[in-house]
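Could you put the whole structure together from the sequences, leaning on the hints where they help?
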Amino acid sequence: MLKPIHHYLIAVLSLGFCAAGLLHAEEPAPAIGPPVCPPLLEQPSLPATPAPPAAPSPGYDGCLLERTKLTGDWCGARTSMLEHGMVWDLDTTNFYFGVANGGREQRDTFAGHGDYVMNWDVSKAGGPEGLFVKLRAEHRYGQSISSSTGSFLPATVLTSLPAPDYEDLYITNLIFTQALSENFAVFAGKIDTLSGDANAFAHARGKDQFSNLGFVVNPLMLRAVPYSTLAAGFSVLHELQPIFTFTVMNPVESSRTTGFGELFEKGVTLTAEARLPYELNGLVGHQVFGGVWSSRNYVALGQDPRVVLPNVPIERQSGTWALYWNADQYLSMYDDAPTKGWGLFARAGVADNQANPLAGFVSAGIGGDSPIRSRRQDTFGVGYYYLQTSDKIGVFAERALGPIGDGHGVEMFYNYAVTPWMHLTGDAQVLHPEVKNVNTAFVLGLRCKIDF
415 MLKPIHHYLI
425 AVLSLGFCAA
435 GLLHAEEPAP
445 AIGPPVCPPL
455 LEQPSLPATP
465 APPAAPSPGY
475 DGCLLERTKL
485 TGDWCGARTS
495 MLEHGMVWDL
505 DTTNFYFGVA
515 NGGREQRDTF
525 AGHGDYVMNW
535 DVSKAGGPEG
545 LFVKLRAEHR
555 YGQSISSSTG
565 SFLPATVLTS
575 LPAPDYEDLY
585 ITNLIFTQAL
595 SENFAVFAGK
605 IDTLSGDANA
615 FAHARGKDQF
625 SNLGFVVNPL
635 MLRAVPYSTL
645 AAGFSVLHEL
655 QPIFTFTVMN
665 PVESSRTTGF
675 GELFEKGVTL
685 TAEARLPYEL
695 NGLVGHQVFG
705 GVWSSRNYVA
715 LGQDPRVVLP
725 NVPIERQSGT
735 WALYWNADQY
745 LSMYDDAPTK
755 GWGLFARAGV
765 ADNQANPLAG
775 FVSAGIGGDS
785 PIRSRRQDTF
795 GVGYYYLQTS
805 DKIGVFAERA
815 LGPIGDGHGV
825 EMFYNYAVTP
835 WMHLTGDAQV
845 LHPEVKNVNT
855 AFVLGLRCKI
865 DF
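Its first residue numbered 415, the sequence shown is counted upward by one per residue in the numbering used here.
For the record, the hints were derived by calculation from the structure and aren't laboratory data.
The beta carbon of each residue, even a glycine, is placed where N, CA and C say it ideally should be.
Heads up, a few of these hints could be off.
[Unchecked claim] If you anchor each label on the Cβ, the simulated ranges turn out as follows:
hint, residue 1, residue 2, range
1, Pro817, Thr753, 31 to 39 Å
2, Val650, Pro817, 41 to 49 Å
3, Phe598, Gly541, 18 to 26 Å
Structural data, given as structure tokens:
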């Protein structure tokens, strides 16, 4: 029985009226806050690496229906700051999701996430050549649907970040990158790790492509890699793209702190990742090979905001590790839009099952830009994942949850560009929980992202 279905109809109508009101507004609301600079090239493994600043975006100006940002050029301030190397990307993403059948309970919830990112090429403001700064502040609000599905992987991972029980604004990324040449860069600072394990069709932080964690990042690495923490490392670049990144990081979650108070007190985490581009019949693809290792002692499952697990004690374990792989391969590029197309993606990984509750993972699917010629700005995706739980740690989780086994799920979405700055996504998920006394959950949802 689709108990909350009338709420979805209300949500659709409400968002439609909201969009209509925005489209017919005489003036956009002014943005309050700092400016925006050409984005630094994001590394496939954790922090960001440098890239030349993008040209000033013509999308800042224009009428409300055509500009790329709702608040426009800020009376010329945005373009002026861009000329000095600074770019601000500000957005909010709202989720109205519900469990229509199965799961722990049938209900619908509203939650959202604000993401405020500044990238600065300091040399454009007269600073040292090759110095880049990235700042991210973020917050969440509302109530996530993820705890109602019964699945260990959250259906909407972004609604739990940066800290699931708090709605305050936190700085989760303040990273300084210095390019020493066109082929080598070093970085240090506070990083958020959701930008790692990059994939062309299954990534994007859970707000532009898939919403479920299983299609955003490989979950096996999360035991060793906190969401936000202090770190340093280096990247090897090829044509200004990172092809190898090595990172040393504090193994303690530091979203709500500076991280200096507990720096390396509980050990260290090391990560290494290679992302290798190639072409197959003239179509671009990537292969990612990575590994993580931590020396931290683990005495409980903990409450990582990116995984839905009870905080129960386990037998003390020293250290953990995980190996992972992912790939993306374009199968078609559009003649009328040469930079757009669609293709295949896949992920796989294995992990230590003594300290990590998640022992194995595979996922695969298709995604990309809409094949409809008049809707090239839309995106779509369909994916399947399988998650193997640890038989060593499962016995501890069973004390709180009941019988535990492997889980799997399917997600499909279509992201519709209402305007260049507003995207409305319909999402459906079928999740077979790891908790065996919970029925398969059928999840429906709407996601609305607005770029300011």
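For each hint, the structure was consulted:
{"no.": "1", "hint": "Pro817 with Thr753: 31 to 39 Å", "result": "violated, 48 Å"}
{"no.": "2", "hint": "Val650 with Pro817: 41 to 49 Å", "result": "holds, 46 Å"}
{"no.": "3", "hint": "Phe598 with Gly541: 18 to 26 Å", "result": "holds, 19 Å"}
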